[in-house]
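Protein chains: 2
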Amino acid sequence: MKGKLKLEKGSLVTLSTHRKAAKALLETAPVYSAQHVNQADSKKTGKAQKRGTLKHKKFITTSKGLNFESFPMQLFQKAKKYGIWNPSDIDFSKDREQWQQLSDEEKKIITHLSALFMAGEEAVTLDILPLIQVIAKEGRIEEEMFLTSFLWEEAKHTEYFSRFVNEVMVSRPDFEAFHGPFYKVLFYEKLPIAMNRLSEDASPLSQLKASGTYNMIVEGTLAETGYEAY
Amino acid sequence: MKGKLKLEKGSLVTLSTHRKAAKALLETAPVYSAQHVNQADSKKTGKAQKRGTLKHKKFITTSKGLNFESFPMQLFQKAKKYGIWNPSDIDFSKDREQWQQLSDEEKKIITHLSALFMAGEEAVTLDILPLIQVIAKEGRIEEEMFLTSFLWEEAKHTEYFSRFVNEVMVSRPDFEAFHGPFYKVLFYEKLPIAMNRLSEDASPLSQLKASGTYNMIVEGTLAETGYEAY
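As you go down the protein sequences, you meet chains L and B in turn.
Under numbering that gives the first Met the number 0, the first residue of the first sequence is numbered 0, with each subsequent residue one higher.
Under numbering that gives the first Met the number 0, the first residue of the second sequence is numbered 0, with each subsequent residue one higher.
Hints in this document: simulated from the structure, not taken from any laboratory.
Worth double-checking, as some hints may not be accurate.
Which copy is meant is left open, so a pair is good if it fits within one copy or across any two.
To be verified - Subject to a maximum C-alpha distance of 20 angstroms in a straight line, what follows is the list of computed DMTMM-like cross-link-like pairs (lysine to aspartate or glutamate):
| no. | residue 1 | residue 2 |
| --- | --- | --- |
| 1 | Lys57 | Glu142 |
| 2 | Lys54 | Glu175 |
| 3 | Lys77 | Glu175 |
| 4 | Lys189 | Glu96 |
| 5 | Lys63 | Asp173 |
| 6 | Lys107 | Glu166 |
| 7 | Lys93 | Glu199 |
| 8 | Lys93 | Glu218 |
| 9 | Lys77 | Asp94 |
| 10 | Lys63 | Glu218 |
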């Protein structure tokens, strides 16, 4: 794949700070590339053929069986054990008291940060679906199973920030006024476009761009650092 | 909608035993019908327009806010509270002992039933994705949030049956030999076709057919009665 990759302007700067992860991602690309070519070969025209590609030919569980030793299944085990927190269990009454003692500037900073996280979590809850769909269609059931817990977690993040602002802030501010031009480019445009493109083009390069945008830029860089700011 | 509905042969017989649910489903159809017409109107040709439809115009959390009182959010609350069981926590050692005391016929009945459930749970884990995708694209975030817990639950069902046969059965039988012609029509063809069609056609009728096949026939009729047989 080396030399053939054209990521968007600026994204390589970000990727360069995550070399190990980027390298691992690139190494997996040729595997899916080979699979994709086979799939493309079998894509003949005609409605009957189209319907054929929608059918199941085999089920993993009843043929070779789930691979419980695989990395995604190990992650799934961890998610079921440690990922069962419930945002509704959190009592915000103390935070609400503290909120009333904050200065206007402090309130504005937290409102700003919350406005970015609220829409950000909603975006990742919505936009990961085309990626899970591609993985399911490629027969990677163990990966899909892990991603079901990942998706549920994102939905809980979405709920968490909404509960936080509802319970803590006295009035509801205009959150979207805090969505500046750069934020809008990424969360209103780049992320949904990179993810939704997978419905039309599930090639390895398209998957790489989607993962790069979602996991490395949005989750790995923005969310991870953003959480530190709270 | 009345009179315009053409469900597949045989499915009305099943639906007729679930009149109340079917009625509720039909009553929701005109609401989405109106939405769908608006969407179709805005679907002009051109790549820029296409990209436009992939972007986010608004986020619910930062504009009107999540509707915590809505029915899907109430279901989401229940799912987070009662839906956190872990198939890996189940100790099958006693079942394994009992298995060895069963007659060959008894073993065959359980193997048969397990073969149907294993692939069935795998199918519903895979095939619900296009429906969740449609709901997310229509901006029904509260419904998507509940469905993330639903999907995670299906993944756990898939894991559960695989763990059961791995832990209890002494050798691994040919499960797919138990997938007869009627089972194959439904799980290898009708279900994935009804669900995957949503990627091309998200009309209310298409959503109704998908939900009818998935929720009423597969889950509501087959799974519910099948569980009683264990």
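Status of the hints after comparison with the structure:
1. Taking the shortest alpha-carbon separations for Lys57 and Glu142, only the intra-copy value of 17 angstroms comes in at or below 20 angstroms, while the best inter-copy value is 30 angstroms.
2. Taking CA atoms no more than 20 angstroms apart as the test, Lys54 paired with Glu175 passes between copies only; the shortest distance there is 16 angstroms, against 43 angstroms inside one copy.
3. In this homomeric assembly, Lys77 and Glu175 never come within 20 angstroms of each other (Cα to Cα): the closest approach is 35 angstroms inside a single copy and 30 angstroms across copies.
4. Taking CA atoms no more than 20 angstroms apart as the test, Lys189 paired with Glu96 passes in neither setting, with 38 angstroms inside one copy and 56 angstroms between copies.
5. In this homomeric assembly, Lys63 and Asp173 come within 20 angstroms of each other (Cα to Cα) only across copies, at 10 angstroms, whereas the closest approach inside a single copy is 53 angstroms.
6. Taking the shortest Cα distances, Lys107 and Glu166 sit within 20 angstroms of each other inside one copy (16 angstroms), while across copies they are farther apart (56 angstroms).
7. Taking CA atoms no more than 20 angstroms apart as the test, Lys93 paired with Glu199 passes in neither setting, with 48 angstroms inside one copy and 49 angstroms between copies.
8. Neither within a single protomer nor between protomers do Lys93 and Glu218 lie at most 20 angstroms apart by alpha-carbon distance, with minima of 29 angstroms and 44 angstroms respectively.
9. For the homomeric pair Lys77 and Asp94, neither the shortest alpha-carbon distance inside one copy (30 angstroms) nor that between copies (25 angstroms) is at most 20 angstroms.
10. Proximity of Lys63 and Glu218 under a CA criterion of 20 angstroms is satisfied in neither setting, with 34 angstroms inside one chain copy and 25 angstroms between copies.
Consistency note: the structure conflicts with the earlier hints numbered 3, 4, 7, 8, 9 and 10.
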